[in-house]
Amino acid sequence: MTQPDTELRVSKIENGTVIDHVTAGEALRVLAILGIDGTEGETVSVGINVPSDRLGRKDVVKVEGMELSQDEVDVLSLIAPDATINIIREYEVIEKSRVDRPESVVGVLTCPNTNCITNAGEPVNTHFDVLDTGVQCRYCETIIRENITDHIET
Amino acid sequence: MRHEHVISAKQFSRADIEAVLDRAADFAADPQAASGHEGALLALAFFEPSTRTKMSFETAIKRLGGDTIDMGPVEFSSVSKGETLADTLRVLEGYADGIVLRHPMEGAATMASEFIDVPLFNAGDGAGQHPTQTLLDLFTIREEVGLDDLTIGIMGDLKYGRTVHSLAQALTNFDTRQHFISPDSLRLPRSVRYDLHEQGAQVREHEGYEEILSELDVLYVTRIQRERFPDEDEYHAVAGKYRLDAETIREYNEDLTVLHPLPRVDEIAADVDDLPGATYFEQAHNGVPVRMALLDMLL
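So the protein lines, in turn, are chains A and B. With this note's numbering as the guide, the letters of the first sequence map in order to residues 1115 to 1268. With this note's numbering as the guide, the letters of the second sequence map in order to residues 1242 to 1540.
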């Protein structure tokens, strides 16, 4: 049986997550969001500008041994709104879901406003409301539209 | 008014605003008639200098029969030992029936409201919001020219000016045309523009005030605030950019009502004070009945 072209480009994984239908060219940002840089020894496969019936071109990210948390999926949705998340166990897709844009993301992004109270060592999580184009700090109301991934908490 | 805390002008509906202004009008007509809050204690937590806001809150609660407790200067408080704002306010809520907070950081009041149950009054959070100032601004405008079919210019530091942010957002509840006058580097922040756009506000921006002065009912002037600039050079590039004097007002618009949240430096010349439209001292006085109304409704 012939494998779909996209599957052949990168190897199947035994356990982990396949993030499919990532906006073309955003795969490396997805890895940045997930904090994956290979230093933990994880196996990562990346397809960039892979042909896609639905999107024309798309990126695909496969990460061995890692299942995404809801927080990670929420942030992912900000830069890859069409992504699908496939959880793989024993080479089988046991869960497949689309990302949904959340109403807000909590404790994930750092506010770029250095005078925002969330940057003052107070016992409070950052909280960003998701707008049609960007995110807005619920505390100081700063809006981030560009390079959202630059503000992911480390 | 349905809100337990007063954090941002964005929370106000037209009905909220009118309820406060109507109550304030009652107090303005007869300040001695106020009572019913005997024994009420209001905590004043001012992490930045303030004259008008602080003293008008003090006057307001005392007119209502209550009293204040004052955290005092930051350098003599536990803040200087490294205590968080959240902890300071959690202590104060055990002492008082309400807390007035002024803080130099944006979002301080929003965060504070998550930690305390007594009503919190945001008396200014950095370059963010100053909603109680806005209510007294609106009270003054309503008394002078009315709040509907209003053409208002807002001039000066629109980027860091918290009174501007609150006022612009509150005015979207009324039939107003807003003209924003500032140097390019001090234009409204993106977040305020977003809110105004979402509310469908009629907005225009200008770099000079002469081009629009004749169309205005009200000109709201603000100070270029040296203390808000992260960069001294940026401040010097725009300091003294606008200076309104009596001759200009007579030339362009004799009926102009001029407001300013004070303190002023050199943006309004002293000779404007004698014009009938110079309303900024009445505006400052209106802080008492307006804050009496807020305290009366929320404590």
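If you're looking for bench data, these hints aren't it; they were derived computationally from the structure. It is possible that some hints are incorrect.
Claimed, not checked - Some, not all, of what chain A presents toward chain B, calculated at C-beta under 7 Å: (1) Gly1149; (2) Gly1152; (3) Val1158; (4) Tyr1205; (5) Val1238; (6) Cys1254.
Since the model is a prediction, treat every value here as computed from it, not as a measurement. Heads up, the beta-carbon is just placed ideally off N, CA and C, and yes, glycines get one too.
Against the structure, the hints:
no., hint, in the structure
1, Gly1149, "violated (26 Å)"
2, Gly1152, "violated (36 Å)"
3, Val1158, "violated (36 Å)"
4, Tyr1205, "violated (46 Å)"
5, Val1238, "holds (5 Å)"
6, Cys1254, "holds (4 Å)"
In terms of the numbered hints stated before, the structure departs from hints 1, 2, 3, 4, listed from lowest to highest.
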